[in-house]
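First to last, the protein sequences are chains A and B. Counting from 1, one number per residue, gives the positions in the first sequence under our numbering. Counting from 1, one number per residue, gives the positions in the second sequence under our numbering.
Hints were generated in silico from the structure; no laboratory data involved. Treat the hints with caution; some may be incorrect.
[Stated by the list, open to error] DMTMM-like cross-link-like pairs, simulated, lysine to aspartate or glutamate; straight-line CA separation at most 20 Å:
(1) A:5 - B:187
(2) B:125 - B:168
(3) A:5 - B:221
(4) B:115 - B:195
(5) B:145 - B:201
(6) A:5 - B:201
[What the hints assert, rightly or not] Computed spacing ranges between beta-carbons, pair by pair:
(7) B:100 - A:81: 49 to 59 Å
(8) B:112 - A:22: 34 to 44 Å
(9) B:235 - A:110: 24 to 34 Å
(10) A:54 - B:164: 21 to 31 Å
Quick caveat: nothing in here was measured; it's all calculated off a predicted structure. Glycine included, each C-beta is placed from N, C-alpha and C at the ideal position.
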Amino acid sequence: MARSKNEAFWWSLFAAGGGLAAMLVPVHIIVNGIGEPQGWVSPAGIRDLVAHPLAKLYLLALFSLPFFHCAHRIRHILYDFGLRGMPAPVAIVCYGAALLSTLWAVSVICSL
Amino acid sequence: MAERTITLEVFRYRPDSEQEPTFQSYTVPYREDWVVLDALNYLKDETDGSLSFRWSCRMGVCGSCGMMVNGTPRLSCSAFLKEYYPGPVRVEPLANFPVERDLIVGIDDFMNKLKSVKPWIVRDKEQPVSEGEYRQSPAQLATFKQYSMCINCMLCYAACPVYGLQPDFVGPAAIALAHRYNLDSRDQGQSLRKEVVFSHEAVWECTFVGECSVVCPKDVDPAGAIQQEKALGALDLVKSVLMPWGSR
């Protein structure tokens, strides 16, 4: 047995993504999902806010890390479903999908 | 009034005379203060002396009498018959372990895993006796005391679906004990343990199902210990990137 730095890396993204999804996504559901349609929050103010580079960076973390959280969980579910014998292809598909989703998020955020 | 009874369906496997395991039903007197182990000992003494099972202390301390009782890993010395009345009560060997005979499972794999995490105090250099004992404050003791309550009963392994699917998994009790010694202020062995604890077969295999902590008869919370070791593993990665000279 040897220390696995790869696993530590992927788990770090998983943990960070889980933390963000648990703590911040509910805030955005309230602020953007309910607050904006109800008129409690100004859409124009939100648009001004996301134009700031720090806000874009925040949005990138908010989208990307939960993608990797999701990928890590799905990877382990696939192992449990019997794909343990092919760890590399499963990991490439799962984390590759998270990476592609992150790139898509980058393009959306840059267009804001 | 007729004496109340309860039926035990006991897993039987005698490899010297049987190819396949079977279940055998026994009727035993029902008493409210009896536990499953009392019923098994009654059977052993009065009905069927060939029934084999491990037990020792009868008080939830030795960790010998772990069995599956109605499908749940339990210490048979603390599983009261009244929890299962009117029965029947199905008694099987601990899940996820090879059966040697009847309710006795092979524990070699667990013992090897336990040893691999060095569950003892490791010192770089022992201080001479003349310098006195290694002193520890109540606060330092409190950081690891919970994890030192493990009695190696292996119920957590029987409950763990990851261990069931992946026998290489180091498992809950061994990692919790590694965590116990890593937290101990007298210990200096964390760098030795991390090759095992931070390996693919140890903390990273755990998917935090949490059943280990549910079934633990001593409230050790191995699942929590594993999560804390994962965080330490992530910190170890950061340190090895930022300070490669300091990472062993």
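Verification of the supplied hints:
1. For the hint pairing residue 5 of chain A with residue 187 of chain B, the CA-to-CA distance comes to about 24 Å; that exceeds 20 Å, so the pair is violated.
2. At roughly 33 Å between alpha-carbon atoms, residue 125 of chain B and residue 168 of chain B are farther apart than 20 Å, so this suggested pair is violated.
3. Straight-line distance between C-alpha atoms of residue 5 of chain A and residue 221 of chain B comes to about 25 Å, which puts the hinted pair past the 20 Å bound.
4. A C-alpha spacing of about 13 Å is found between residue 115 of chain B and residue 195 of chain B, which places the hinted pair at or below 20 Å, so the restraint holds.
5. Between residue 145 of chain B and residue 201 of chain B the CA atoms are separated by roughly 26 Å; this puts the pair beyond 20 Å, and the hint is violated.
6. As the CA atoms of residue 5 of chain A and residue 201 of chain B are separated by approximately 13 Å, the hinted pair is consistent with the 20 Å bound.
7. A beta carbon spacing of about 31 Å between residue 100 of chain B and residue 81 of chain A contradicts the range 49 to 59 Å that was offered as a hint.
8. Taking the beta carbon of each, residue 112 of chain B and residue 22 of chain A are about 37 Å apart, inside 34 to 44 Å as hinted.
9. For the pair residue 235 of chain B and residue 110 of chain A, the beta carbons lie near 33 Å from each other, so the given range of 24 to 34 Å is met.
10. For the hinted restraint 21 to 31 Å between residue 54 of chain A and residue 164 of chain B, the CB-CB distance of approximately 47 Å leaves it violated.
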